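Numbering follows this note's numbering, with no gaps: position 62 of the sequence shown is 44.
Errors might be hidden in some of the hints.
[Said to hold, decoys possible] Heads up, simulated DSSO-like pairs for lysine-lysine below, C-alpha to C-alpha not over 27 Å straight-line: (1) K162 with K103; (2) K179 with K14; (3) K218 with K14; (4) K59 with K103; (5) K45 with K25; (6) K103 with K177; (7) K103 with K25.
[As the list claims (entries may be wrong)] If you anchor each label on the Cβ, the simulated ranges turn out as follows: (8) I74 with E123: 43 to 49 Å; (9) Y97 with P221: 46 to 52 Å; (10) E191 with Q76: 25 to 31 Å; (11) D234 with C6: 28 to 34 Å.
For the record, the hints were derived by calculation from the structure and aren't laboratory data.
What you are looking at is a predicted structure, and each value in this text was computed from that prediction instead of being measured.
Ideal placement from N, C-alpha and C gives every residue a C-beta, glycine not left out.
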Amino acid sequence: MRITFLGTGTSQGVPVIACNCPVCQSADTHDKRLRSSVLIEYKHKVLVIDTGPDFRQQMLRAKVKQLDAILYTHEHKDHVAGLDDVRAFNYISQRPSDIYAEERVQQAIKQEYPYIFTERKYPGVPQVNMHQIDGQTFDIEDISIQPIRVIHYHLPVLGYRIADFTYITDANFISDEEKKKMAGTKCLVINGLRKQKHLSHFCLSEALEIIREINPQQAFITHIGHQMGLYKDVQKELPPHVTLAYDGLTVDME
């Protein structure tokens, strides 16, 4: 399995012209983050978790030429706003894109992109096949995927476990029951917005506590805001097996 971090940032951490903080003004590419998304290459399939506003840029940058399925964590704009650009993969594969999401997220996507789902479609609109996630383990051909329920303030969000890889974003609570689904994970990706406590996201210390509980061989922090600080400084503070993820980082798992 190969994991590529397409984006590791958040809309709360998108650099703006008026921001003079060290992170937004940093020349270090580790500090230049697009919205959070991850590419998974496994068993000759290519999966993406979330298509944020930067989806097109991310796929071009990573030179992705195959896309077999998209998994959605939740319906917030910074995780679904790039869906329109799957049309390029429709053209390459000559088939609709397979999308996996729970019912609430599907309804939000249909409201956001009504032209994709209308009976009389405009030529060239994206083509998608919706598949509903009901919380149970499901398969994409020979790949088994375990949804993991997490909470993002009051909003139920899905994380995913594929083999020994677990991906959690936009969460500030995981129940003990759901943590059991993460047991034995060798590679854990979890959101950590900043060092200070936050209303709807894990802060760095909370993310590190989850990592300590699950005890993976390696762990990565994602969905990082500019308030976290400079990559070169924060990385020095982390345990040896924990990495502050950055855009373009690739991880190969056995």
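Structure-based check of all given hints:
no.: 1; hint: K162 with K103; verdict: violated (44 Å)
no.: 2; hint: K179 with K14; verdict: holds (23 Å)
no.: 3; hint: K218 with K14; verdict: holds (18 Å)
no.: 4; hint: K59 with K103; verdict: holds (23 Å)
no.: 5; hint: K45 with K25; verdict: holds (19 Å)
no.: 6; hint: K103 with K177; verdict: violated (47 Å)
no.: 7; hint: K103 with K25; verdict: violated (34 Å)
no.: 8; hint: I74 with E123: 43 to 49 Å; verdict: violated (19 Å)
no.: 9; hint: Y97 with P221: 46 to 52 Å; verdict: holds (48 Å)
no.: 10; hint: E191 with Q76: 25 to 31 Å; verdict: violated (47 Å)
no.: 11; hint: D234 with C6: 28 to 34 Å; verdict: holds (31 Å)
When the structure is compared with the earlier hints, violations turn up for hints 1, 6, 7, 8, 10 and for no others.
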